[in-house]
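Asks: Got chain W; can you put chain Y on it based on the hints?
Protein chains: 2
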Amino acid sequence: MAAGSLRLASCHATMPNMLNVHLVPHTHDDVGWLKTVDQYYYGDRNDIQHAGVQYILDSVVDQLLKNPDRRFIYVETAFFFRWWKQQSDGMRQTVKQLVNEGRLEFVNGGWCMSDEATTHYSAVIDQMTMGLRFLNETFGPCGRPRVAWHIDPFGHAREHASMFAQMGYDGFFFGRLDYQDRDRRRTDKDQELLWRASDSLTPPMADLFTGILPNGYNPPDGFCWDQSCDDPPIRDDPDLEDYNVDDVVNRFLMIASGQSLVYKTNHIIMTMGSDFQYENANLWYKNLDKLIHYVNARQANGSKVNVQMRLDDFFPYADNAHNFWTGYFTSRPALKRYERLSNSYLQTCNQLEVLGGPFSGSGPFGHDDSWTMRRAMAVAQHHDAVSGTEKQHVANDYARRLADGWQHCQVVVSNSLAALSGSSAKRIYCDNLNISVCPLTESSHKFSVNVYNPLARPVTWPVRLPVNGTAYTVLDANGKPVDSQVVPVSGATRQVRKNRGSAANELLFQVQAPPLGFSTYSVSLQRRGPPPASTRPRTPPAIQNKFLRATFDPDTGLLSSLSNLETKQTIRLTQNFYWYNASDGNSSVSNQPSGAYIFRPNSSTPFVISRTAKTESLQTSVVQEVRQWFSPWVSQVVRLYADSRALELEWTVGPLPVDDDLGKEVITRLDTSIDSSGIFYTDSNGREVLQRKKDFRPTWDLEQTEPIAGNYYPINSRAYIKDDVNQLTVVTDRSQGGGSIQNGSLEIMLHRRLLYDDVRGVGEPLNETSDVFPEGLVARGRLLLTLDRPQSAADTHRPLAQEVVLQPLLTFTSGDLHPNTRLEFSGLQDALPPAVHLLTLSQWGEDSVLLRLEHQYQSGESKQHTQPVTVNLKITTTFILRLTKKKTKQNKKNSTALSGNLPRRFTAQNRKRAPFVGPEQTEALRVCGGFWQMVQR
Amino acid sequence: MAAGSLRLASCHATMPNMLNVHLVPHTHDDVGWLKTVDQYYYGDRNDIQHAGVQYILDSVVDQLLKNPDRRFIYVETAFFFRWWKQQSDGMRQTVKQLVNEGRLEFVNGGWCMSDEATTHYSAVIDQMTMGLRFLNETFGPCGRPRVAWHIDPFGHAREHASMFAQMGYDGFFFGRLDYQDRDRRRTDKDQELLWRASDSLTPPMADLFTGILPNGYNPPDGFCWDQSCDDPPIRDDPDLEDYNVDDVVNRFLMIASGQSLVYKTNHIIMTMGSDFQYENANLWYKNLDKLIHYVNARQANGSKVNVQMRLDDFFPYADNAHNFWTGYFTSRPALKRYERLSNSYLQTCNQLEVLGGPFSGSGPFGHDDSWTMRRAMAVAQHHDAVSGTEKQHVANDYARRLADGWQHCQVVVSNSLAALSGSSAKRIYCDNLNISVCPLTESSHKFSVNVYNPLARPVTWPVRLPVNGTAYTVLDANGKPVDSQVVPVSGATRQVRKNRGSAANELLFQVQAPPLGFSTYSVSLQRRGPPPASTRPRTPPAIQNKFLRATFDPDTGLLSSLSNLETKQTIRLTQNFYWYNASDGNSSVSNQPSGAYIFRPNSSTPFVISRTAKTESLQTSVVQEVRQWFSPWVSQVVRLYADSRALELEWTVGPLPVDDDLGKEVITRLDTSIDSSGIFYTDSNGREVLQRKKDFRPTWDLEQTEPIAGNYYPINSRAYIKDDVNQLTVVTDRSQGGGSIQNGSLEIMLHRRLLYDDVRGVGEPLNETSDVFPEGLVARGRLLLTLDRPQSAADTHRPLAQEVVLQPLLTFTSGDLHPNTRLEFSGLQDALPPAVHLLTLSQWGEDSVLLRLEHQYQSGESKQHTQPVTVNLKITTTFILRLTKKKTKQNKKNSTALSGNLPRRFTAQNRKRAPFVGPEQTEALRVCGGFWQMVQR
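In order, the protein sequences belong to chains W and Y.
Residues 9 to 945 (the numbering used here) are what the first sequence spells out, left to right.
Residues 9 to 945 (the numbering used here) are what the second sequence spells out, left to right.
It cannot be assumed that every hint is accurate.
For identical chains, the list gives no copy identity; a pair is met inside one copy or between any two copies.
[Claimed, not checked] Simulated crosslink set (DSS-like; lysine-lysine; CA at most 30 Å straight-line):
no. : residue 1 : residue 2
1   : K93       : K702
2   : K93       : K298
3   : K506      : K197
4   : K454      : K576
5   : K104      : K298
6   : K104      : K74
7   : K454      : K74
8   : K454      : K434
Quick caveat, the hints were computed from the structure, so don't treat them as lab data.
The shape of chain W in the complex, shown without the other chains (with noise of 0.2 Å):
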């Protein structure tokens, strides 16, 4: 067969006349999924899997020393940065030293290498950042990342690719894609191509050089030779038994030709290693260095290059015709809302922790900072944990780590807040609020309630707060009285708490926040005594606000129609809850069950929960409710704020009865008159919006095997249907999966209850309990549906979708607050224009701030946002971040002013720059596609 030229990536010199072969030693460590990140580093409890990344690292350092031939990647710096900080000076020095020579390469480099599907960008954009800061920092420019790698990830987001481009990387490769995709690729020699990640980028700002690995990201077979593996390694002295060189040369020769002829060039890649592999790097390296020795004899003949355009995603993924990863879209909802949850405190933590100034790191609650919950929402991105795809110890560790993150950030935020009010009262975090709990609002008669909003635009927000009086004065900052309104807690809350509360009410009222800023809401009990004016037990015809009307059919008690009044449309929807019956394997058709990874309904019908609701009504100024119960394990409540343009559908779902051996899989199915055509709308990581054609791939000619899985697409932030003047979308409070089955439908799968493992790795069933839910977990959260003309239908969902996910915090003061306390504070002299979204203020270093705008809409999407805006602004270096919209004047003392259209600055020349934030930490800036930072002293 064809011989060729064979090295190590990278760096060495290439034959154009001849197929090379680039061997790329790496090795995979997830940061988290059977062990803990931290099991991972140390090589702890090595019974459930065997890895250790410290001794990893120790081992590839030693060996690449031990040969300046030799080369390795590094991927994931959270695990870097633990292993670089108990290292000596002199192994500092030596590392560096590898990676100035570009022995050692850092590839990706974000701290962990995030998850596609169900990760939200402005997170995985913080975890890049962490990454690769730290890289700079660390290793400048030899340690930046040229190409991003995400070998693992189970589909690919469109959304990743366009923040690759923006980042600067030059390339991109994986190694998961559906198996018909690959198939038609590997024919075609098709496995190269050019992903244009964004129809609102003006290319190539999101355009990314995409290559498909050829396998997987192992090694080829027989030739894997870590400790992990029992491939035979090169034995090579004639003096013992059982000499091979001949056997090994031959058969690599024989796989690399095969593997020249999927590919168009005459340069093939071989990933050579896998999972936690080079914990003993002197195995790979030995025989690696003998394979090039041995083979680098034998010559061949390369051909020419071509490379295709893509314009979709990989979604779903499929490994074979029965075996669709899209149920992990929905796996572990409870730790999926947790995870974005945490985001917006992170992000309120970050802003408050520059707002506060130095007071936020020290001050009367403590000295800290946010590093702890930054670590620990980077960690969360990683393709084994908000994807629900870790073990269930795992997955209790990265709660934890959320929950030791955000306790340490309550400091940053308390001290902020006591910076920024001029007051020092504790301060009360009540987590529990969405389970009507809260010991302080429980009990007390008289406390403030600070309301934190991390927009940059102002926002009005109903609060819910448990109580046990039956009627309050509540005042807003300026001392005018709110309308406020005492509705029973409902059973199903009652039912979910459990033990952990006593209110038998909730309070309820409207807050307003000023942009990037707070405001202060004083309650006083007025009235024990007999509960107020409570539910009734019917279902009302409607309810309805300015916004809004949403009808119930008397009969059934489900949802039977939408109307936005404003633009007068009207919609037949009707709302109710199923349950697929998930796989168990035993099928003649595949052995495939459902589990973590792996979404296989065992028939597409699924079962209906109740063709009925019983309900309840409950109808107040401040709010209307329908309350519906479907069984003792799914219920719902129907709600609309007086001043929102969204129906909220707040589901409760669990314990997922499996009693009767069935595992289950709930969706709610909202069935409506628009003429949707088979096609339907997700956004891709929160951001850009993506169609969907139902039993059709973009990129080649599908052949449908799964109608229920093959049709589910991950809903990260919302999801619609349209025609040509309907479009009914649905924001989510976190990433779920979700597909259009049939015409007008729309399908959410809310939890999951799984009794069999999926055999994708993880080797345990996804069947959550927990302390407080022995009997199963409880999952409950929201669905807010709006209905508009599909032309402006955005001006709605954007906004409402980014305050879902940066929500206001709620902090509490018992009683008087001291009247010198300043009630309301914004960090903005007026709110950002609608199309600019604050993504990030967080502080940089000790003197610099990182602050990151961002055009939220996408091309064509709004008549009115989707132009180009101008923001000037000014950073003071004191308390206060001045954002002002439209202003000109700048201020060369203490700050910078810059302008730029956003998002449309962007060359191909700096697309060569490091996907670095901030290099030099100086006042760079970088305009990436639709986003805009800059780190300011």
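Replies: Chain Y only, in chain W's frame:
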């Protein structure tokens, strides 16, 4: 608890008033077991067992270089040698430096860690020589092992301890001993002892300090940090989860404290390693460094020392009440025989390599040497080689190596015999004479037989050659006719040889050969035609020669008595075959099945194979035979040669039927009228004999839990029972297990076929089949019985056993020899005295030879021969070695004559010398107790 001082052995300062914990980082690398030696070296077939010694040595050296405080011991030179020859000059210098600084230390240092039950002392000395010589020549004095280290062998032979003492080791450590013995010793703090390992040698010649390791050879529970272990690493970064330094230190001190309670001194040892560990030594050392660092803050006191003496050995070894490792004494009887026979081949090859001078290595039959055979034999001494406890494919590899070695030696032997005889006629080797297969003799009309005698005394030897004629003329070297007989090949032999030969008859005659020399016989066909006077189908009343008479029971066909006609003593003797039903593990008492290691009969009463034997008899002038047929799978020939003082029982056992699903362990049992009082005797590694007493151990109060297996001992070359007047000695042709369960009875296990693995790691049932014997392996062997007065029995069995160990080599030449051919030759001017055995004569360097003499009698066993003997010797550097008995004149010109009383030269002083053989390759003389050795240029 009491803290202590913690250090890596060796050479670190100790603290006299503290508990000193010596951590010994080590790896135990089996020279074959589940994989072959070369598979282990390279790390091939890691699917069977993860183990790659090349990487272990790579990694350990790397890690030693990282910290000068680190230490490592290495044991198996077979592996180290393989590694060393692949290293660069720079690496060799580095390793020498490590050795010189005591950071890398060799212990034991033999080519392998030999088995102690089934090895013959001569082969053990050879393999130790190979390893120690390599270390000496490579590293000089700093490479000298100071302690013997037999951590894994399954019981411990006194002769091994004796040899180690005589080789100059300072001490001996082992790991396995009977659980009752161990428990008693732990209770009594009696785990250090002085082993008086010979009752012949004047103390302290064979005294050896012996230490019992605390935990087998493993690290304490929870402290295994190898890649193969799951114990928690030391996690000392307080920023990460699961900081555990305090927990680790506390657990360690608890263990150290507990261990100090079962040892006498304030120095205790911990073996930090195990099978094939340290392939990634970083894991071990990184954690050991931390352990030492964190533990060495605490202090404790020690106590005094008093070491107990031990005289017996450590057989049998039980790791629990029903788990006696006494099966491997017999496991793989064919391999055990082949190994023993190969030893004879190797000694012959070595001798002829010397005697033939430079022509041996380079002559008419090619260029070759004994190196391959030496290595094959050395590897075969391993405790999972000749022991029979390896996997089947590994057993095949050992056998293949021996066969390969013998192929190489045949070149040497042919060259040497050509030089010594003056004839380069082609020599034919017939390796299957034991089943009457030899194509040359089967077909040739005329051929000659060269009989080479590797003993230093003349031998008389019966020859049996497969032929198809019915009468032959046999002439000796002087042309004198020799009495010969032709008898029909037995049915049992025909059955065993299958289609591998076609001889109808066997030609029998006696040969004589001079000491260390050969004699040549010529054979000419006289008559073809009908078979000769055939066997008679009946049981003769007796067979007898001038020395012995054996009678038979005409009803049963079994032996009934044995008489020594010279001493006029007669005993009742019946002999029959039985099988124990091997336990399959289904027992309420214990779930231990019989297997490669473990012997565990289901019942203490064996099943008789047949109460009667069908017999044929045959009486000729050369031999008398009674051929007994017990079953299709058990037969025997009782044979008495005209000139023999031993009755030969040639047994043929197999294929053992297992279609009844019962594993079988076949014994032969000799029941006599000897009043043996529950006592019998077995040899230790073919040398000194130890007394065994039923249900008794000399050093502790035995609770006997396995009445058969617990009374089995290794029979390496002989066993006997005796009373005041009669001693019945059985000399075996290989290592076997046996016992004396009833008074006057002696049983020997011959063959085993088992259906279950015994859960000691080999993972296969001992169920031998082969290409030739797919239905189950057939084993054939010989027991030689002598009846003597106890006080003079050794005068017979000592030379008899040596004749079995070093048997004459027959080589054949077709047709007439050239008239100038020298037909007789001796390397000695005279035979050595009867007490002196020529143990070794082999080429040492190009211009030097190694000579070992041995006083082969044990103290008190022979009135005639246990006295010191004086031998004068002269070695020429040309062709011929001249050892002369009682010659006093010394030739100063070309040789050095040395004399000494054998075996009494030994002082405490020279025990401190290296256990090396000829460290300077000069005229060094070493007297090792019963051995006497020199290297002569």
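Asks: Each hint needs a verdict: does it hold in this structure or not?
Replies: Structure-based check of each hint:
1. K93 - K702: neither (50 Å within a copy, 65 Å between copies)
2. K93 - K298: between (34 Å within a copy, 17 Å between copies)
3. K506 - K197: neither (59 Å within a copy, 60 Å between copies)
4. K454 - K576: neither (43 Å within a copy, 120 Å between copies)
5. K104 - K298: both (27 Å within a copy, 26 Å between copies)
6. K104 - K74: both (16 Å within a copy, 19 Å between copies)
7. K454 - K74: Neither way: K454 and K74 sit 70 Å apart in one copy and 66 Å across, limit 30 Å.
8. K454 - K434: within (14 Å within a copy, 115 Å between copies)
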